[in-house]
Structure formats: structure tokens, C-alpha cells
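Protein sequences appear in the order of chains A and B. Following my numbering, the numbering of the first sequence begins with 5 at its first residue and continues without gaps. Following my numbering, the numbering of the second sequence begins with 5 at its first residue and continues without gaps.
Derived from the structure by calculation, the hints contain no laboratory data. Heads up, the beta-carbon is just placed ideally off N, CA and C, and yes, glycines get one too. Wrong hints could be hidden among the right ones.
Stated by the list, open to error - Heads up, incomplete: computed chain A residues facing chain B, CB under 10 Å, no partners named:
no., residue
1, L173
2, S257
3, S278
4, S388
Number of protein chains: 2
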Amino acid sequence: MEKFNSPTLATMRGKAEVVLFPTSTEQTSAIVKYSGSMAVYDEIVINLSKMNKIHSIDQDSGAMVCDAGCILQDLDLHLSDYDLTMPLDLGAKGSCHIGGNISTNAGGIRYIKYGSLHGSVLGLKVVLPNGQILDNLSTLRKDSTGYDVKQLFIGAEGTLGIVTGVSILTHKKAKYCDLLSMDITLNGLEKTNPLAKMHNYYVFIETQGSHKEHDLEKIMGMFEELQEDGTIEDGIMAEDITQMAKIWELRESIITAHSKYGETYAMDLSLPTSKVETIVNDLKDFLEGLGVYDRTLSYKSSPKYVKEVTGFGHIGDGNLHLNVIVEKYQDSFTTTLEKFIFEYIQNLKGSISAEHGIGLLKPDFLHYSKSKEAIELMTIIKNSIDPKGIMNPYKVLPSS
Amino acid sequence: MEKFNSPTLATMRGKAEVVLFPTSTEQTSAIVKYSGSMAVYDEIVINLSKMNKIHSIDQDSGAMVCDAGCILQDLDLHLSDYDLTMPLDLGAKGSCHIGGNISTNAGGIRYIKYGSLHGSVLGLKVVLPNGQILDNLSTLRKDSTGYDVKQLFIGAEGTLGIVTGVSILTHKKAKYCDLLSMDITLNGLEKTNPLAKMHNYYVFIETQGSHKEHDLEKIMGMFEELQEDGTIEDGIMAEDITQMAKIWELRESIITAHSKYGETYAMDLSLPTSKVETIVNDLKDFLEGLGVYDRTLSYKSSPKYVKEVTGFGHIGDGNLHLNVIVEKYQDSFTTTLEKFIFEYIQNLKGSISAEHGIGLLKPDFLHYSKSKEAIELMTIIKNSIDPKGIMNPYKVLPSS
């Protein structure tokens, strides 16, 4: 578990005495049947890392069928042999399982181009709470026969069943971070600024085309236009894959770099693109008002409790990662911060979890992003599919 | 109701004595509450054509919020003022409601570019069977808080609730039809072939780019390559919007033209792209084996019961519209044809409804495309959300 996924994760420990590593859907089903009949809660962790085979790749349609325990980066690597690529990419790609990506409805940096997993996932194999295996591993692009039940499991965080197999549409990549994110990253990691000087905001754009000269002409045209009208001050274009990787490394190291200067409250918010800058400034005002932060001081030497407030994310789809670096996590500050942020987001009709799910920490805050009726409907679905409540208990839905 | 949606629709008549035209979600809710408490079935048709307002268009994100009764073509026309376009387009655009598109999980000709409605729909407002209003009209691109309950209503054909409001992601179009489809269309509509002579297969490709010269260069390059390697025999490129509309008209008139030569069994199938040609030929073999068809005779003068078998559709996403023109619909032939097609599709793990839903006609055939477990899960969801069974009864799920 990563410290940075959430403010209070630092205090979380698993209590399971048993971790099982099934090698097949049938074994997973047998485990669920057993634990269901025993009505034991919180005792079994099922790790699917041994279910990591790719079963088929259809080069015509791009449909790939694989086990849920496959690691995202391994899939992308394998697909590159077929000139294909995954519809999602994220910082944790070297360790995250595709099944976990689906269960948490992961977003990531290709979202703006390929859209959500609700569109990309073609089928799932799921072990239901009663041990039944729902084999829905369709490779069809289109299917309008009945309710699209697989959609329920995308983002359900395992509370309705265990995703063991995945059919996903693959394909043949924009980003934002502010001055402080960049400054912290360069200092924390002792990296060199690829631009001549520091600027207030940085945008990462990755394009993909079929014709190098055309692509170059278009991007250079855009640069010139944006520079002429004053939208951008400076820019750099990667000249090869190596340079591209170096630039991306900066973006992917932001959170790691934050850890050099304290403990970080890392929030994953969805809000209108026009409010992405506003919320960062409003939070700074709020924290200064509390006397715990001073924006004129450097995060390297500030004696205040809050060292710095930074924002970065996916500007194209309104997904802001908002970070507060503090000396040390404190429950009272957590409460204050959450109240401010969640109310702020509720007023904007935003979401308190854009791409990392609800998990154990946010169920009681679900009402900030979802209506009473929606939560009731979720509860009806949860109770009807998992009447014994054995699937990933205490997650997602508020305890009644 | 259109004759061509299905073989047996010609014999279908509605029996409702009351058609209501609510002008708001609240009125719709009041109707549902009333009919729920009365437990009257099959008596009320709710027509949302008076709920046809666009509420907001966000030019930054492309999110549009509108009433479910808006007509697809009107939405596209209105969006064009903002340089935006709908993520779906289909032949019925001049009359179909966006709410109906969503309830039937409509596909259409932009699917290959923009993907499924499960990815494009950002939020829905739904009147639930108990009259509750689920207001889920989010305009967020990303939201991972809990089950994505709106997904259940996409393609549920009204059996779980009535979609009254829609939030959808708009954006700033490939097709296939065989010789006989083209021949029937040209003859039936007395149109001129845009190419010098007839060919076995026709592909319609619509591209969209930001740079006219680049786009032209690429498409001409593709033409040359495909002609050199013998993939294509001839081609024509629309020189302006008028000519483009004329070419598209041919594609969109195929079904209308079929009606000049008899009654048409029109099937909407999803199958691997590599099998699209095979199934047409296998069906011809099957019908010739039965003695009801002779492929050497012209559909204009054949004395056989089956005049012609044609295939057209969306080759890019494996969606084939397979058509059998007969003298007159016959129940015994319907049974024979359905058995052949549904078993064929089941063997290929295809779907018997790619983009037109299940409706009243196909519930008993659902098992050809969905597993026992999936149908059980759909039934659990249906029963838990609509315990009285008042929403669009007898549709989608097989009667138990």
C-alpha cells in the first residue's frame, strides 16, 4: 500500500491471516464458495498475481483477452509486438493489475484520447458472491442484448464480485502541472529543468499520428500560434523516444518528489476544467486564514505546519490531483481539510474521486458526490447481488 | 413502428388506450407513481417528445445536457453552432429521441470513431419504478465514486426506469455493403452508380482531420497503395459536402430500396469481422439447400420465395445487417431462419442484437447471446429495482 494514495493510509494495516494465490477462475470460485458458507469476514486476501496469462489478441479488432492478474506494463509491452497499445496508462503501470484497474475504474493519462474503461472493456469474467462464474468475456465491439451487467463491476472495487478475466479493446496519448509541482519535482529529484527558466504552469502534450511530417507541421503550427497570442511563454519538443521518456519521468515523479518535504495529503478530484486553478488558490487562502500556511515562504524552509499546496493532473478531462504537504499527518487537520474540499467539490457538482475509487476511506463521504437516490440504488444492487455481504466488506458503500 | 426493424413487426400493434405527453421529469414521475400504485400493465404509453430542451453545452469539455425527448438530428444541428457534433449518428436521426438511443444502446455509423454510449454518456436523469427521480446528470468526464448505476439504464430498453434527461460527451465517421445491397439500392431508388461499373463490395470511409492538405495527402496515399496491391478496384472521393451527402444517401437508403422487391427479414448481428462475408454465403447455401432460393436468379424476377440475401453494415466494428427479401413474411420461415442465424451466431460467440436491442421479439432468444449466469444476474437486478414489474413489461428478459 502506498502512503500517497490517501491522507490516512499511513495508519492502515491489513489484518488478514491468509493470503491465497489462485491460479484459475475455478479456484477463485471455490475460495468464494467456501468463505461464503463459513460467513467469515475480513480474513482472506485473494491475490491474483498468478493469473497472468494473455489468452488472445485479435489484430483486426484490437480485442485482447487476458487474466485479471496481468500487470498493465507487461500487457502494453506484449501488445507493442502487434502494433497495439492499451487504452490506459498510469504511473503505477509497473505493478498494478489490469483487474484492479477495472475494479477501481482507473483513469490515467490516455483517458482524453481513448475515454473511460466503461467504453473500452468489452467483457469480464467475474466470480460472484455465491461462487458462480459470470463468463462475459465477449470480444464483440457491439452487443445490445440486455443489461450491460459487466458495467457494474467496473469501479465496484470488488464489492460485487471478483474480476478474474478481462476482454479489452486496445488501440494503435495531455497533462498539467503548476510551478510548485515542477519546482518540487526538480529539487526533490535533483533533476534539470528542461526549459530555460521556471514558469507558472506546465502542460504536457503527447500526440499520435500516422505521418511524421504532417504531425510535426501541425504541432509546430500550434506552438507558433500559442506563442504569438501569448498563451505560452516557452516550449520544448522531445526529439526522440529517450527525450520523451525523460520529460514524462518528471510528470510521473511528482508525488515521489513531494515525499522529500513532508507527508502529503493527495486528493484526486474531478471538477470543471475552468475551476482547476481556482480551487488551488482558494485552498491556499483557506489554509492561510487558518494560520497554518504562508504562501510567501519556501516549502524547503517554512516553519508552518503546511509546507506547500500543489496541483497537477489531467487538464483535458478536469481531473486534478491536489496535494497538501504537511509536517506530519494529523487527524484534526484531516477532518478540516476533508470538510473544506468535499463541500467545495459538492458545490461544483464535482467528484471526490476521479480515478482512484472510494475504497475504505471515503464511503462516509460518498454523499458529497452521489445523490440519496443513487446511493439507495447502489445499496439495492449490492444487497441483491451480495446478500451475505462477503465481497470486499466495508468498502464503497457507507455502513448503515 | 418500422416494418424493417424485425421480421414479425408487421403484425405488431400497440394496445394502449392512453398516450401521455409529460413536459417534465416530475410529471413523468407522477405518472409512474400513479401507474405503480394501480398495478395496471400495458396500458400507458409515455411519449417524451415534449421534453425537448437543451439545457447546457460546455464548449471546454464538450458535455451537453438535454431532455430525453430531443431528436438526434436537432441536437447535431444545434451543436454545429459550437463546432461540436454528437458521438452517434444513424439513419433514423430525423425522428429518433436521444433517450431512445440510450435506452436501446444505439450504435450507428460513428461507433468506430467515438465508441459506445457506455463511454459517451456522462450522466442520466431517470424516473425509477417507484417514481423516485435518480438525478445523475453529471457533466464530469471522470467519476469513480461507487457503482456506475447509469450504465444499467443504457440498453435496458426502459425496463428499469424511464430516461428523462441526458448528459453526453460531444466531439468535434467506415461502412460496408455488398454488390447486391448496392444493386438493389441503385435500382430500387433509380439512382446512378457513382462508380464506372458494379463491384462485389463497397466500403464507405469518412475521415476527419484538422488540415485539409494533410488529410488529402493521406487518403490519396492510401488509395494508391490499396489499388497497387489489388485490394481495391476503383474508388471515388467526394469533392464537397453535397457530393458527400449524395454518397451517404445511397448507404442510408439501402433498407428503403429493399422494400421495392418484397418483405425483408432484417437482422442486426455482431460477429468477428472475418466472418462477415462467410455468414452471408453460408446463409445462401442453407436457403438454396432448402430449395427456397437460387442465387443465380435476379431478385427482380426470381420465382423463388426468397428473392435475395444481402449484407451491409459497419465492417470496422463487426456489425452486420443481414437481410433476406421474401415474397411475404411466413411464421414457419421465420422460425427456420431464426434457428439457423441464432445458432450460427452462438457458435461464433456473437450477438443477436448489435445495436437495436432485444425488445419484445427477442427475449426468448436472449440465451443465444448471454450465459445462464448473466440472465440470472439481469433478472436479480430487474426484480430488485422494479419489484412490481411495471417498467416496459415483457421486454428484454424472457418471461419465467
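Interface hint for L173 of chain A, Cβ within 10 Å of any Cβ on chain B: holds, 8 Å
Hint check: 10 Å Cβ-Cβ cutoff, S278 of chain A to chain B: OK, holds: S278 of chain A within 10 Å of chain B, min 6 Å.
Was the hint right that S257 of chain A lines chain B, CB cutoff 10 Å? Cβ of S257 of chain A sits 22 Å from chain B, so the hint is violated.
Against chain B, is S388 of chain A within 10 Å by beta-carbon distance? Holds, about 4 Å.
In this structure, the one hint that does not hold is number 2.
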